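Visitor: Listed below, chain by chain, are the residues.
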Amino acid sequence: MHEVAVAQRIVEALVDTAGRHGGGRVRIARLDLGALTCVDPESLTFAFDVGCRGTCAEGCRLEITRLPLVLRCFACGDEGPRDGPVDPCPRCKAIGGEVRQGRELRLTTLELDEASQAEGVA
Amino acid sequence: MTEVAIQRDVLFDNDAAAAANRARFRAAGTYVLNLMSGPGSGKTTLLERTAERLRGRVRLGVIVGDIQTRRDADRIGRHGVAVHQVNTGGGCHLDARMVAAALDVMDPADFDVLIVENVGNLVCPAEFDLGEHDKAMILSVTEGADKPAKYPLMFHESRLMILGKVDLLPYVDFDPDAAVADARALNPALAVLRLSSKTGEGLDDWADWLLQRMRQFRDGR
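Same order as they appear, the protein sequences are chains A and B.
For what it's worth, this note's numbering labels the leading residue of the first sequence as 504, then goes sequentially.
For what it's worth, this note's numbering labels the leading residue of the second sequence as 17, then goes sequentially.
Calculated from the structure, these hints are not laboratory results.
Please read all numbers here as calculations on a predicted model, not as lab measurements.
The reader is advised that the hints may include incorrect statements.
Computed beta-carbon distance windows for the label pairs [unchecked claim]: (1) B:Q23 to A:P571: 17 to 27 Å; (2) A:G526 to B:R73: 55 to 65 Å; (3) A:C579 to B:R87: 24 to 34 Å; (4) A:F549 to B:D220: 46 to 56 Å; (5) B:E217 to A:F549: 44 to 54 Å; (6) A:R575 to B:R71: 38 to 48 Å; (7) B:A125 to A:Q511: 29 to 39 Å; (8) A:C579 to B:T85: 48 to 58 Å; (9) B:D183 to A:T568: 21 to 31 Å; (10) B:D29 to A:T568: 18 to 28 Å; (11) A:G526 to B:N103: 33 to 43 Å; (12) A:T612 to B:K214: 52 to 62 Å; (13) A:E561 to B:R71: 51 to 61 Å.
Cβ coordinates follow ideal geometry from the N, Cα and C atoms, glycine included.
All chains should be modelled from the sequences, with the hints used to inform the complete structure.
Guide: In structure tokens:
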């Protein structure tokens, strides 16, 4: 629901990082997005495309990797992916587990043009 | 093209602002609670009753977040507590920077307990650390017992779940045991209170919980 705010933060991070690596253009940004975050990938992509306009990331492709929810069962310790946080453990059928993966909202890598090429573009 | 590995949490700057808020609360000795729920579940009414109940016992301050209007601040302010309204102007949650700006008006040192009433929304507020010591939430019985399973994050992040509007239980198909079971599957340590701001049921328990958390914060400081 707050995809616009999240997209703005991503664009800020891209502009900041590109500036510290010679001022080139950002072509691809890769994001890990956990299943338990309240962020919808389609809305985020739309907000991101709009947010990049007029920056060194204009036209940048956002590659989102959805990370499934991974729980460690409170009862038996079995760790594995689950469709939902209150789905029963596949091993012991108990409900509930520690969230081991699913809260991620993390930029991992960027692909930057060299600054000299970027000048040609600009 | 050059690949640059950054491994950066998108909400990194919010977390940094939250840490600064938390340091400020600690220095001031102020216990801070982030109160969250869906819209219309009774946050403001509960805070009106809380203001009445804690009057003369602790110095209570309230920061209220809403998309628009200062109606909530006006309501709470009538009960003799200091209150500051934050309008997010469309934003679906409060973030740490908004709270930091509010602290320029509401000096934490003036309060024993500061409650931040978040924007009414069962989804987004849970994602943003404000620098609070605890998150608490209300699930009112008119919202349905399936909400913990459908909107898990807030239940996962909260220390206390208040089952609100329990005076309406005879009139709605809400299974409190099922709601609590799902919420505790997400968060086994979750404390649960049944409360009605209308009849007063549970208000003493809520005030006790709040004061106990305040004392625990002070003792651990």
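Visitor: Now tell me, hint by hint, if it's right for this structure.
Guide: So, going through the hints one by one against the coordinates:
Distance hint check: the CB atoms of Q23 (chain B) and P571 (chain A) are about 20 Å apart, consistent with the given range 17 to 27 Å. Look at G526 (chain A) against R73 (chain B): about 58 Å separates their beta carbons, and that is inside 55 to 65 Å. Take C579 (chain A) and R87 (chain B): their Cβ atoms lie about 50 Å apart, and the range 24 to 34 Å is violated. In this structure, F549 (chain A) and D220 (chain B) meet the distance hint of 46 to 56 Å, their C-beta atoms being roughly 48 Å apart.
Checked against the hint of 44 to 54 Å, the C-beta distance between E217 (chain B) and F549 (chain A) comes to roughly 46 Å, which is consistent with it. Checked against the hint of 38 to 48 Å, the pair R575 (chain A) and R71 (chain B) passes, with Cβ atoms roughly 45 Å apart. Evaluation of the 29 to 39 Å hint for A125 (chain B) and Q511 (chain A) yields a pass: the beta carbon distance comes to about 33 Å. Restraint check, C579 (chain A) to T85 (chain B): a C-beta distance of roughly 50 Å satisfies the suggested window 48 to 58 Å.
At about 47 Å, the beta-carbon gap between D183 (chain B) and T568 (chain A) misses the expected band of 21 to 31 Å. Restraint check, D29 (chain B) to T568 (chain A): a C-beta distance of roughly 22 Å satisfies the suggested window 18 to 28 Å. Distance hint check: the CB atoms of G526 (chain A) and N103 (chain B) are about 37 Å apart, consistent with the given range 33 to 43 Å. The hint said 52 to 62 Å for the Cβ distance between T612 (chain A) and K214 (chain B), and at roughly 54 Å that hint holds.
Restraint check, E561 (chain A) to R71 (chain B): a C-beta distance of roughly 56 Å satisfies the suggested window 51 to 61 Å.
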